[in-house]
Structure formats: C-alpha cells, structure tokens
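A.B. asks: So the chains spell out like this:
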Amino acid sequence: DAGVIQSPRHEVTEMGQEVTLRCKPISGHDYLFWYRQTMMRGLELLIYFNNNVPIDDSGMPEDRFSAKMPNASFSTLKIQPSEPRDSAVYFCASGSGTVFYNSPLHFGNGTRLTVT
Amino acid sequence: DAKTTQPNSMESNEEEPVHLPCNHSTISGTDYIHWYRQLPSQGPEYVIHGLTSNVNNRMASLAIAEDRKSSTLILHRATLRDAAVYYCILRDFEETSGSRLTFGEGTQLTVNP
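Protein sequences, first through last, are from chains A and B. Be aware that the first sequence starts at 234, since it is given in the working numbering, and climbs by one per residue. Be aware that the second sequence starts at -12, since it is given in the working numbering, and climbs by one per residue.
One should not assume that every hint holds.
If we take Cβ atoms under 8 Å as the criterion, some of the chain A residues that face chain B in the derived model are [said to hold, decoys possible]:
no.	residue
1	L278
2	F307
3	N342
FYI, nobody ran anything at the bench for these hints, they're computed from the structure. Since the model is a prediction, treat every value here as computed from it, not as a measurement. Quick reminder that beta carbons are idealized off the backbone N, C-alpha and C, glycines included.
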C-alpha cells in the first residue's frame, strides 16, 4: 500500500498565479480530507468529501479556493489567484467510512506552498 | 465539539517511558479518544485510540481514566524518532462531526539522547 500520495511536494509560485495541488487517496477509502497547516493557525480542515461528494467546505477560506474529486482515486485543491498568505503546508488525508470513528485517517506528506 | 487540553511541551530521555496527558472534562459518552503524532516534515500519523478500556498496540499504550475525563498516552521506551507533536483528539460516532479530525495545538515531545 503506497499510502496517500500528494503532488507536488513543494510549489513556489508568484502572487496571482493559479496553483493546483493533487491527491491520490488510499484505494478503497471513501472519505477524503484537505487540511492546511500554518504556524499561526495549526492544522485546519478546509473541506472533506464522502464518496466523491463534498460534505463540508466551511473551512475553505474564500472563493479563491476550490476542491474537486472527479473520481474515487483523485482529488485537487485549486487556488486562483494565489496570495502570499496562502503559503502553508497542505495535507490530504483519506479514511474508511465503514466505522469511521473507529478508523484512523491516513495523511500524505503534504505540499509545501510558497507564494511570493 | 468537546475540547481537549494538553501541555504545550514535554521532555524525555531516550529509552525512558513517557506519559503524555490529555484532559477532556467535557467528553460525551459517544466520544472516542484518538491520538495522532506528527513527525517533522511529515503528515500526522495515527497512534492509538480507545473508548473506555485501556488499549495497547505496537506503538504505544492508552490509559483512560475511569470517568473518561482524562487519558494518558504512554510510550514505553522513548527513542529519538518519537520526537514529534502529539495530538489528543475526540471523535464521536455522529457522522457529520465524527468523520473528521479537529486538531488542537498538541504537545511537542523532545527526546534527549
């Protein structure tokens, strides 16, 4: 099992550019989560999906952020246009919903985004 | 959501046991107690979880107070690789809230050689 795979590991971009972060969850998992981590705010949940359907996007900071899950094996988080305050580490996690409270979430190693 | 309180930091020596406390005085009867840790430059990883009884696995032990208002994560012999931020998180089995993890600030564990 390769675990949750995120790409790229690092992204440096200029303010105003579009950024797309990618995530491949563990096969068979039906929950997918996007988190953001900064020194100031810690780990924050941005959005999560169940069976490819967005369930709660209340953590998405603003309309510049959007997330999609076109199929069970792929999700994207897009920022357009990017701003320096979006600089953070973005984590994707997946989990099984069968007995979700008894099941761990599996996190990827994150994408470190720097917006200059 | 019920809250947890953890010390900001703790120190231990290598090969000694470590007891990481967590207070959750407002825990409800349907809340599971989960522990995750985050090693430097990595995503969080699952450590252990329990409901009422003490739990053991290959990574750690979880001791849960009889009234469930507190718990302790026990690392039996700390290694340098155990230096990480440890998060104590409550998860209930109501799907809307329990399916996600809400992270607090955690405890930064330093392991001295």
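A.B. asks: Could you run down the list of hints and mark each one as holding or not?
C.D. replies: Evaluated hints:
no.	hint	result
1	L278	holds, 6 Å
2	F307	violated, 18 Å
3	N342	holds, 5 Å
Violation of the numbered hints given earlier is confined to hint 2; every other hint is satisfied by the structure.
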